[in-house]
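There are 2 protein chains.
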Amino acid sequence: MTTGADSLVQTARKAGVEICFANPGTTEMPMVIALDRTPGLRVVLGLFEGVCTGAADGWARMTGRPAATLLHLGPGLANGIANLHNARRARSPVVNWIGEHPARHRPFDPPLLSDIAVLAGCVGWTRSVGAVHEMAEASLAAVQAALGPPGRVATLIIPSDCQWAPGPAPLSASVTPTWREAPESVIQAAARQLRNGRTGLLLGGSALTAAGLRAAARVAAASGCPLWLETFPARQECGRHVPRIPPLPYFPEQACEALANLRGLVLAGAREPVAFFAYPQQPSRLLSEGAESFHLADPEDNVDAALALEALAEALDAPAWAMPPAQAAPVPPRSVPLTADRLCQLLATQLPERAIVMNEATTAGFTWNTLHAAQAAPHTMLFSTGGAIGQGLPNALGAALACPDRRVIAFQADGSGLYTLQALWSMVREQVDVTVVVCANRCYRILQVELERAGCREPGPTASSLTELTRPEINWTDLAKGFGMPACRVRSELALDEALRRCLAEPGPSLIEALL
Amino acid sequence: MTTGADSLVQTARKAGVEICFANPGTTEMPMVIALDRTPGLRVVLGLFEGVCTGAADGWARMTGRPAATLLHLGPGLANGIANLHNARRARSPVVNWIGEHPARHRPFDPPLLSDIAVLAGCVGWTRSVGAVHEMAEASLAAVQAALGPPGRVATLIIPSDCQWAPGPAPLSASVTPTWREAPESVIQAAARQLRNGRTGLLLGGSALTAAGLRAAARVAAASGCPLWLETFPARQECGRHVPRIPPLPYFPEQACEALANLRGLVLAGAREPVAFFAYPQQPSRLLSEGAESFHLADPEDNVDAALALEALAEALDAPAWAMPPAQAAPVPPRSVPLTADRLCQLLATQLPERAIVMNEATTAGFTWNTLHAAQAAPHTMLFSTGGAIGQGLPNALGAALACPDRRVIAFQADGSGLYTLQALWSMVREQVDVTVVVCANRCYRILQVELERAGCREPGPTASSLTELTRPEINWTDLAKGFGMPACRVRSELALDEALRRCLAEPGPSLIEALL
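Respectively, the protein sequence lines represent chains A and B. Numbered by my numbering, the letters in the first sequence go through residues 10 to 525 in order. Numbered by my numbering, the letters in the second sequence go through residues 10 to 525 in order.
You may find that some hints are simply not true.
As the list claims (entries may be wrong) - Covered stretches of chain B (in silico footprint by chain A; criterion: 3 or more residues with CB under 8 Å from a CB of chain A, positions within the stretch not fixed): (1) 34-45; (2) 55-67; (3) 163-174; (4) 199-208; (5) 286-300; (6) 434-445; (7) 463-469.
As the list claims (entries may be wrong) - Computed footprint of chain A on chain B, listed as stretches where at least three residues anywhere in the stretch have a Cβ under 8 Å from a Cβ of chain A: (8) 85-95; (9) 106-114; (10) 126-137; (11) 261-267; (12) 387-397.
Hints are computed from structural coordinates only; laboratory data are not their basis. In this text, a Cβ means the ideal position worked out from N, Cα and C, and glycines have one as well.
Given only the sequences and the hints, what does the whole structure look like? Please build it.
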């Protein structure tokens, strides 16, 4: 018998869903049975739902195609929302399959009942299946919704009786993302604005390919315009093979200063910049009063920003892009304690060609982005997008499953990593080539900075206790071993260098705890 | 200067809030500063928000007074929702303080923006502070809302500018929970119904004190009525000093069979029973058609069920309750592999007087409840209420902080424990007397049962992989050590017995991984 769950899963498979990150419960058992008999759909267990949603986001970022999750009722979805929030901000196509009590059961208010649709609505498109005959069509609709444009989080709420009842025939429609070209009139308008001067160019989204970054550098060379990357890109090509472009600063006073003299900002795949947080006497909008932004390629419309930048470079008769001269080789590792800066430098030196760097190293991660990524071999960087922490390890898992021929570096702050550390276990189970590098500074450093910005220059015991990860010391090598992952701890440049050499050469996952 | 955050925190302190479980971010920095300068309010850092909310629930269950949480924006609240769902089902008074962007910042849709009020609405009372002059009054309103009756989760959404601006004078109102007495007419009606026969008595909520359980046994002795406990009690007195009353079975077919012959069910502090999950050909309502339930003490109205049961026993001229004869001493520990049953038996033998057992041991936990808790010294049990897993370790942390003179046992399934294992670190930091006993059967046993109930008798590789926690093996002693907690692993009855003796005698937390 084809169950409703079979109809749903097989339709999703035909529509292009290849992987499902799952943490199911009783209301999803027919879905588990359907996954068990659907060939070609890989199923990965997460020990916590945030692992599943973050991994689906990582997979989607690397492939452009939707990954699925299977989660248990409202509390299961709630546990996954933080990373779905980040996926939403990254415009990642993710399909959530959430079990629900049958309609006839809900009026009795069973203990696990909650309003799943309201939760799902916080992160994107939502549909509640009403009857089993919808199961194939609803499944296809969710995949289509996830692909957009733009890519988004699409949640299907599936009563268990619709899963177990006899289902309709699966649908056979394949769905692919569509990209649009920027109209010629927009290219010309951007060229005019840049020629008029006092106009900057901000890159984001689909502009952050090697081709897009090179075209942007040509545009800057031809027009003399200042150039920035969005501060929190979903995915970006990095390394020696692309021009070195600074990210727009994180703190609003610095960003405002950078943008102060502009009367216009051309947006290529980026949104108009906004302060991440509000502060007293700081504006929300980072452009000066009277300055206007202009969309060369609006990411909400899936306009191909790299293509638009190439057309813009041609419109400006820009010169060809020339590879910058190689930088001097960095100081070799020494037998001295590690700093965040030297950690980044040594990682850049050893980074394998085509690596994927999932950067959730927070303060050390800014150092990496602004100073060291450009020295490394060509690689792809994934970054925090929505500010919800705990994205790094799950994202790295998903990226590694999406790209089994590439090495993934989970470049991880210790504080953030602890939100979803259960991802280490799934990395071991799936034997993905992930090297986890934990920047163990044993504090929420960014919050110490923010506390000082809020006027607290001498925190008392309570404020200190809320930003320090000491008392007791956290030992990441023990945590990794608890989840079956080989791990080591390093304190010196030499030890890090040696550990990186070993871990990057070995297949499968391992963890380096770098004490800073 | 008194900030808005000071007004809020000091008002809450005066209203009876003594503890705050916190995981703040930038939008909560003025709250952190306010906590830093408010004496008498203990602040506990959780490494993950589910730890904070679960701990607040545990504290509230043991004290009856509200505990606060401090969480970061929508994603921070989302990470805490699963345990807030359980707190809601337990009617625990919990006050959430959630930072928010200022109103002037929100129209710019900054990366961390999401609809916090919608998330909070899923778990209870919600109020968004509109202006700084509300900060004291809103703080008091949240504490009052949390205390009910009935107890509930109350969330205050607090824009950061209302935190940092000059605030109003704190309010000085103390708030205490109110309990009502059941009217005499209701007592008499219940007595009549019980005398008429074919009526059962279901105990829950405030009936589950020693006095309530004894009064219920007297009612049963006088009327001959069958007697059950609600299946998922928030808090219950257990041990040799109270009558042995079975919980209503978990699976609906068993519960229906138990209730089959009744035409009435008197509810003392319990809701009318409902199937936890829906199954094909199983009803949602567990009472037979035509059978009616009757509230002796409605938990939604905070009616004191223990008092009502005592009045009912008197109305029925019930005999005094007699302590049952002591049971034979169990078989002493042997040098043989552990089973869940023997684990429970050995724990019951050693359980210290007045211990608190947080039972999230799932399948082993049912064994404890139905067979072994009654043999142990007088103790209090906390139980999963809403079905969202990951409650155990955080709840144990909160209960231990609430009752520093009592030993807490976190009786924990391995699968559930992994959702919020970060609680181990806070236990060490706060040096609470918690003994964690992990029942390591290395699978989601309950899901294996449910998979079979769903008709899957021979699971394929995918279905098996979703219910097995092998490949790789999880080592709880390493995980505990990673968080700074002493830990050991036991495989035999003798080793468990020895480990329990040692851990229960030592101050501070430790963990025993019991391999089953």
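Hint check:
Check result for the segment 34-45 of chain B against chain A: holds, 9 residues qualifying (beta carbon to beta carbon below 8 Å, three or more required). As drawn, the segment 55-67 of chain B meets chain A at 3 residues by the rule of a beta-carbon pair under 8 Å; at three or more, the given contact holds. Against chain A, the segment 163-174 of chain B contributes 3 residues with a C-beta closer than 8 Å to a partner C-beta. That satisfies the three-residue criterion, and the hint holds. Requiring three or more residues with a Cβ within less than 8 Å of a Cβ of chain A, the coverage given for the segment 199-208 of chain B is violated, as only 0 such residues are present.
Evaluation of the coverage hint for the segment 286-300 of chain B: fulfilled, as 5 residues show C-beta separations to chain A shorter than 8 Å, against a requirement of three. Closer than 8 Å: that is the beta-carbon criterion, and the segment 434-445 of chain B has 3 residues meeting it against chain A, so the requirement of 3 holds. Counting residues of the segment 463-469 of chain B whose CB lies closer than 8 Å to any CB of chain A gives 5, which reaches the minimum of 3, so the coverage claim holds. With a threshold of 8 Å between beta carbons, the proposed coverage of the segment 85-95 of chain B by chain A holds, since 6 of its residues qualify and at least three are required.
Given a C-beta distance limit of less than 8 Å, the hint that chain A covers the segment 106-114 of chain B holds, as 4 residues qualify and 3 suffice. Counting residues of the segment 126-137 of chain B whose CB falls under 8 Å from any CB of chain A gives 5; the rule of at least 3 is met. As drawn, the segment 261-267 of chain B meets chain A at 0 residues by the rule of a beta-carbon pair under 8 Å; below three, the given contact is violated. With 4 residues bearing a CB less than 8 Å from a CB of chain A, the segment 387-397 of chain B meets the requirement of three and the coverage assertion stands.
Going down the numbered hints, you'll see the structure goes against 4, 11, while the others check out.
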